[in-house]
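J.: Residue 115 in our numbering is what sits at position 127 of the sequence shown, and the numbering runs on without skipping anything.
These are calculated hints, taken from the structure and not from any lab test. Glycine included, C-beta positions come from ideal geometry on N, C-alpha and C. Among these hints, one or two may not hold up.
To be verified - Derived DEER-like restraints, expressed as beta-carbon distance ranges:
| hint | residue 1 | residue 2 | range |
| --- | --- | --- | --- |
| 1 | Asp5 | Glu98 | 42 to 52 Å |
| 2 | Asp192 | Glu252 | 22 to 32 Å |
| 3 | Asn110 | Asp5 | 39 to 49 Å |
| 4 | Gly131 | Asn249 | 20 to 30 Å |
| 5 | Lys77 | His174 | 45 to 55 Å |
| 6 | Asn249 | Pro87 | 36 to 46 Å |
What the hints assert, rightly or not - Straight-line Cα separation of at most 27 Å, DSS-like style, residue types lysine-lysine; simulated pairs:
| hint | residue 1 | residue 2 |
| --- | --- | --- |
| 7 | Lys18 | Lys89 |
| 8 | Lys89 | Lys77 |
| 9 | Lys18 | Lys173 |
| 10 | Lys173 | Lys133 |
| 11 | Lys77 | Lys38 |
| 12 | Lys38 | Lys18 |
| 13 | Lys246 | Lys232 |
| 14 | Lys246 | Lys133 |
| 15 | Lys173 | Lys77 |
| 16 | Lys133 | Lys77 |
| 17 | Lys246 | Lys173 |
| 18 | Lys133 | Lys38 |
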Amino acid sequence: MEINELNDFPVLSAATDAFELYDSFLQCEKLVRNIPGKILGVDRDFAFFKMLKEVHEARSCKQTLFRKRDDANDALLLLWLSRVKELAKIYGGLNEVPPFKGLNTTQLREFAQLSVDIGNINRLDQILLEHGILVVFEPSIPGMKLDGAVFNLATGNPVVGLSLRYARLDNFWFTLMHELAHISKHYEMLVTPILDDLENEDEDLVELAANRVASNALISRSDWRSCQALYSLEEADVISFASKVGVHPAIVAGRIRKDLNRHELFSRIVNEVNVREILFGNE
């Protein structure tokens, strides 16, 4: 790597304390040891410096990137996050990004209703860009425990990163709405990325709030109480209720499966659409 390339890394120019930078370097080096070479890619040095930037920025802001200590998973999260940030920077440079002016519950509900049309998945990045929000679809790294992430750029524009760890439509839409809920309710916190493993039953108040806002945007609590499919467990009732509330049937089916802890239910509906294939083809 050339010296002039290194100058592009804010981590170097912003480092006022050599000891802190060295500690960040050691932490990053330890994490990188947990990543197989084939996952790091051909340019290991570039990947390392991008990861170092994330570690040191979090340290400089007195923030913690990871809620729980798990070196193997943390290393993968750090690598994935560095890729998302790089893609967001490129995407923002190639597109005219309007200022972000906030996100209210009405807008969240409007975004949720886009789920009805599968064709909207390929248009989501442009739709959200009109609101000053960048979306990056970066495939999950094998073994990584993460569904999505959200953070703000220096411009103030939020970025949503989605890993598509699971290809199901209900998971895709809940993850997206969860990250948008963070933007709506926790915008000021997004100087440091929020990394979300939605399989983790997190008791953190911020995460619980985002779950609640996302769930209500997809299906309001009052509507959910009147959901006949929750009791009948009939596909026809799932489809009818989804039509009534304006979301894709997979979202209703997925919600029932989660609430009842009955993941064998409605397999045809929830597995009918493969979001990974829509976005990435047969990679």
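J.: List, from low to high, the hint numbers that the structure doesn't satisfy.
T.: 5, 7 and 9
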